[in-house]
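Peer 1: The residues making up each chain are set out below.
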Amino acid sequence: MASRETAVDTPALHDLTVALAGAASPQEVAAEALGRGREIVGAASAHLSIVTRSGWCRSYAGGKLAAADDIHAGEDVPIARDTPLSRALVDAHGQEFGTRDRFRATFGELGAQLEHTGARSAITIPLRRAGGEAIGVLTYAFEHSDSLSRALGSAQNVADQCAVALDRAVLLERERDAARRAQQIHAAATELAAVVHVHELARALRDAGIDALGAAACVAYAVEADGTLRLVDDGTSDCAYPPTSNPSSTSPVGDAANAADALVIDDPAHMSSHYPGTWPADPAAIAHPLRIGSRVVGVLYASFPAPAHLTTEARALAQALAEHAALALDRCMLREHADAQSRLVASERDRLMAITTSLQDGLFTSSPDGLILQTNDRFCEIVGYPREVVVGAEPPYPWWPGVDVDTTRRVVHEIGRRASESPSTHHEYDLVFERPDGARVVGSLSASPLHDADGTTVGLVATVKDVTARVHAERRLRVLQAISEGLAEARTIEDVARAAVRRAGRSLRALGAAFVLRDHRSGELRVLHDEWTGAAEPPFDVTGPATVAPLKEALLTSRVVTSDPFTEDARHALLEPSGAGRAVWIPICDLEERSIACLALVFRRERPTHAEDVTLYVAIGHQCGQALDRALASDAEHRARLEAERSGERTRRLQQATAALTVATEPLDVATALTRHARRLVNADGIALFASDDEARELVLVDNGLVSASDLAAQVVRVPLDAPMSLSDAARTGQAIWVHDADEWMERYPAGAATVASGFSALVVLPLVADGRTLGVLAMAFRGPLTLDDDDRSVLHTLADLAARALQRAARFAEERTAARTLQASLLPRNVEVTDRCKIAVRYEPAGGRAAVGGDWYDALELEPGRLAVMVGDVVGRGLHAAAAMGQLRSALGALAVRGDPPGVVLDMLDRFAERIDGGEAATVAFALIDTACGTMRYACAGHPPPLVVAPGEAPRFLPDGRSWPLGIGHHERHRPDARVRLRPGTAVVLYTDGLVERRRIPLDERLAALAAASAAGPTDDPSVLCDRLIDMLLDDEPRDDIAVLSLVYDPALADRAQWSFPALPPRVRDARQLARRWLDRHGVAEDLSFDIVLACDEACANAVEHGSAGPDDEVELDLHLDGHDRIVATITDRGRWDPSTMAAARGRGHGLGLMEALASSVEVTRAPDGTRVTLVWNVGAAS
Amino acid sequence: MSDEELIDGISVRTDHVGRQAIMALSGELDLVSAPRLRNAIASLHGEAVDDVVVDLAGLTYIDSVGIGLLVASRRRLDAEGRTFSVRNPAPQVRRLLEITGLVEYLGLR
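In order, the protein sequence lines correspond to chains D and Y. Letter by letter, the first sequence follows residues 3 to 1186 of our numbering. Letter by letter, the second sequence follows residues 340 to 448 of our numbering.
Isolated chain D (complex conformation):
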């Protein structure tokens, strides 16, 4: 049967043989097997599976099984179990027959497909090599069951021929493939050899991987210096692989970098389980270390669509590619490194250039001998010379006048030496340069040496800051301070002259100075005092006929006159004989703006007078004027006594009394002036001043301590206005009362019997009336009869007028003082606050005596939860004016702080503000922002003494950084710096004004040391105690300025507590309410509950203010805390005792207690002799 069939098909079989002989690929073999072969066998469908590589097969279908009537080839897939192929591979002789019934069992998936095409029977024949190894399975299917037996023989024949052809074709294909890939590797190697940039490398590797290795993707990672693997990217597209792979994180490339050999991943499950989420889930991959010798320079990573691609050959090729890639990568990395270096050099050069040209500071480099090598525009600007002059300039520099070659070189060497010897220390030198126009600038120079490769110093690089504005401002303050200190102690006009000459002359470094007084009657000029450095004789005669003209001009015009406009001749005549180059004449005016004196200052060096100089001179003149006024008054008094004794001239005495009254600023001054002058004017034996009280109900003795027991007013201190007495009579009627003798006295005013009995017999009472208001009375008593003539009486009336006006002025002064104090008190509530991990206490100690209120201030603001701002500032000057300036600065700073900028920036902004407000000039401030969550403080000080920090267990220290110049002096050339400091729990910070540390005649350092010592002299955990101790220990009897101190203790344990002490004033109750709200907010208390708590606390505080306090000096304390049992506890403490009956009656507050009871879980009122305490408790555990 087989032979018959064979015979029938012989020609066709022959054709097949010929066709198969020409088949050079498995595909061509398949085409024949499924085409001619199928026809020979007479099958409806055919299927060929061939083993492509170990474990993998590729299938072809033909006939009805193919979609079209063509062969259909599949992908390489793993060889499935229980297929004809798998069985053929296992069973050397396996020859399976299938019938319809056994299709599923025999052919599996293929069987189902065949059945679908209508096949009834099928045969599978393994295709074997000569050695018996199966390389494929051929299946033919038939539409009739009986066709099978007829086709058996021919099928075997076809299969045999196909097997031979397939074996050859597969081998051929492999060889071809290998050759092609080898060629591609070669091409890749050639390409890689030419690659110099990493981008090119990435592209070459990608192409070679895909073409030569048959990879889906191919990338390389380079090993960086720190061991990190960096993706070598092609610079164009996104890549699926991470840009870097940390050596410690797991990735195939990371593992490969540490492995000896290539890492082959041929199990998709392995990839996802070993590198979950960190690496693309490639089904298969090779990660090959790239080595140059033993050095790993990178990793080559190729991913494949399926593990089947990871053939031995592919691995070998990968290795070959890796070898070439390693060389190329190493080269590229070197190149990249070199590029980076050169880019760095270039950018560094650019950066230096940018710095050099745009720097606010001047910059230059010089040779060791001072030859200027390079400079920037700013330096040229500072010294005022063009670049051509500056570069190449050698000592002596034109901008450094009066410093010769040797000195300059010495300085340059010295700067270089210091910079080399202590490179860590920052040396700054203030040098005075002169521009070509004569303007002087102060440059602050700091330098570093330049070394060559051997470490030899080859020059200097120096930066120069223009600090002229700062220096001028400082100098101005220093000079004015020096002068005002000197003048403050001047008693006589001679003292004033001496102080002015000495202080102004020295602080301005004048060659000499002279103080010339003009007699207001004769116009005669008299040199009261003059000093000339190193000269026995005045080299410059300010009142000499040849040199007096500018002095007269200054006196005449009340303007500062300088020698600037002098002609050459005038200069020659006036200045040169004395060796002077420049002179100024400062007029000194009295209260009425009349020039009464002149301070002449003579300088050695000729230079133009600048606007800031003139401002300073005017200020000096002003200070001298005030001092002179004071001195004239007391001096006049002194002389008046002598003169009055000598001449008995009444008018003269009156003038002296007038002078004394004019400067009186308090009722006491008025009383003293009258006691001293008026008494002698009319030879009274007793004199007393009585002032009306505010409500004009009684007269009160102004007791200046000069009224002795035997004197007039010994028994009379207060007199009701309606009393039948001479004093009240005069005050009531506004008429002077003249009692001529004891009889008249006793008759008119029997109440004066005691005075009469003590020896007085005549009396004059003068009402003191100003602007229609009786301010008091002046009483004078005489031991003999009244012998006053009309002139005497008229003088007394004049005196009374003057005294009235003086009293009026004193009252106004007092009002202003009170207003200023009130304003200040309202701006500066005394309080102690605990908020958000910080405990804060503040103290304000006004200067003692009569001085008006000062401009010290402080503030603490919670900007937002976790951020606290604290500040202490000082405004120059005193009085209402200063208090107002203080208030404006304080609120401006508060508003600026809220923006959240760093302190330096905040102060820069405040600076602009300070310039615009009256009195803002030279104000100082210390400002700190505290991050209460992490315990850091950022701070800046504008001309203010440094904050003091006391950390537990450490010595107190002053914060040295974040320093800048005072506010409002017009210095904007630099930004203000700030600095940061860490606050450990328990650390105390103290901000204070200079009143605490500045004392005349004691060096500041000494006082600062005393402050540090005081801070360390006891516990620092309570800011209130700390403030008290600092003030106690540092306050002495010396005259001083106001003092403001703010202490803050950082204590994270206080997070759950808020505490506030405040003066018993209704507006402060509102503040307490805000505090409570903020605290409740911070603790996330629900709105309704928060409302209840705020209201109840408010009621308690209001009660405390209304009933528990004698006045605003008493304090009320509000304390809020979480007690650890889910309870919010509020305690309100005051110093009084609530009286329930008055409470109910008072202003509708009867609801207060009832409300508290309705709002809180519990209310407890504890009344003790020293105060009342209300404890309010809310159980919040159940609610939350």
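Since the hints were made in silico from the structure, they are not lab data. A virtual CB, placed ideally from N, CA and C, is assigned to each residue, including glycine. Don't take every hint at face value.
Residues from chain Y shown here face chain D by an in silico Cβ test under 10 Å; the list is partial [unchecked claim]: (1) V371; (2) I401; (3) D402; (4) V404; (5) P430; (6) Q431; (7) R434; (8) L435; (9) V442; (10) Y444; (11) L445.
Based on the hints, put chain Y in the right spot on chain D.
Peer 2: This is chain Y only, laid out in the frame that chain D set:
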């Protein structure tokens, strides 16, 4: 008559509708600000006003002084033969009026 400036933490705006005066409060009514409302109500004395209505819509806070003032105002206007009522309290203010048992007395339904 209008007076809207925020002084002492409260503003009082008075509008006249016929013989009715409606005073709209906004801000906080407390120890500090109560005198202002007291003066505003007192200034209605002698004017042709029969009803005084205090609109509490803008009131964010009221304490016992504020409540006392409302009660006193009602009493005084009663005596003058006029009516006094409040309206539109915020929930928290209303709650307080409830606690103090004044809802009805102050004409709130």
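Peer 1: Now tell me if each hint is right for this structure.
Peer 2: Taking the hints in turn, this is what the structure says about them:
Here the hint on V371 (chain Y) is kept, as its CB sits about 5 Å from the closest CB of chain D, short of 10 Å. A distance limit of 10 Å between C-beta atoms decides the matter here; for I401 (chain Y) the minimum to chain D is near 8 Å, and the interface restraint holds. Here the hint on D402 (chain Y) is kept, as its CB sits about 5 Å from the closest CB of chain D, short of 10 Å. Evaluation of the V404 (chain Y) hint against chain D yields a held restraint, the C-beta minimum of about 6 Å falling below 10 Å.
Hint status for P430 (chain Y) relative to chain D: holds, with the closest Cβ pair at about 8 Å, below 10 Å. The criterion of a C-beta within 10 Å of any C-beta in chain D is met by Q431 (chain Y), whose closest approach is roughly 5 Å, and the hint holds. Against a cut-off of 10 Å between C-beta atoms, the interface hint on R434 (chain Y) holds, since the closest Cβ of chain D lies about 8 Å away. Annotation: L435 (chain Y) was flagged as interfacial toward chain D, and the flag holds, the nearest CB pair being 7 Å apart, inside 10 Å.
Annotation: interface hint on V442 (chain Y) violated; nearest CB of chain D at approximately 14 Å, more than 10 Å. For Y444 (chain Y), the interface hint is violated, since its Cβ never comes within 10 Å of a Cβ in chain D; the closest pair sits about 13 Å apart. For L445 (chain Y), the shortest C-beta to C-beta distance to chain D is roughly 13 Å, which exceeds 10 Å, and the interface hint is violated.
Going through the hint list in order, the structure does not satisfy hints 9, 10 and 11.
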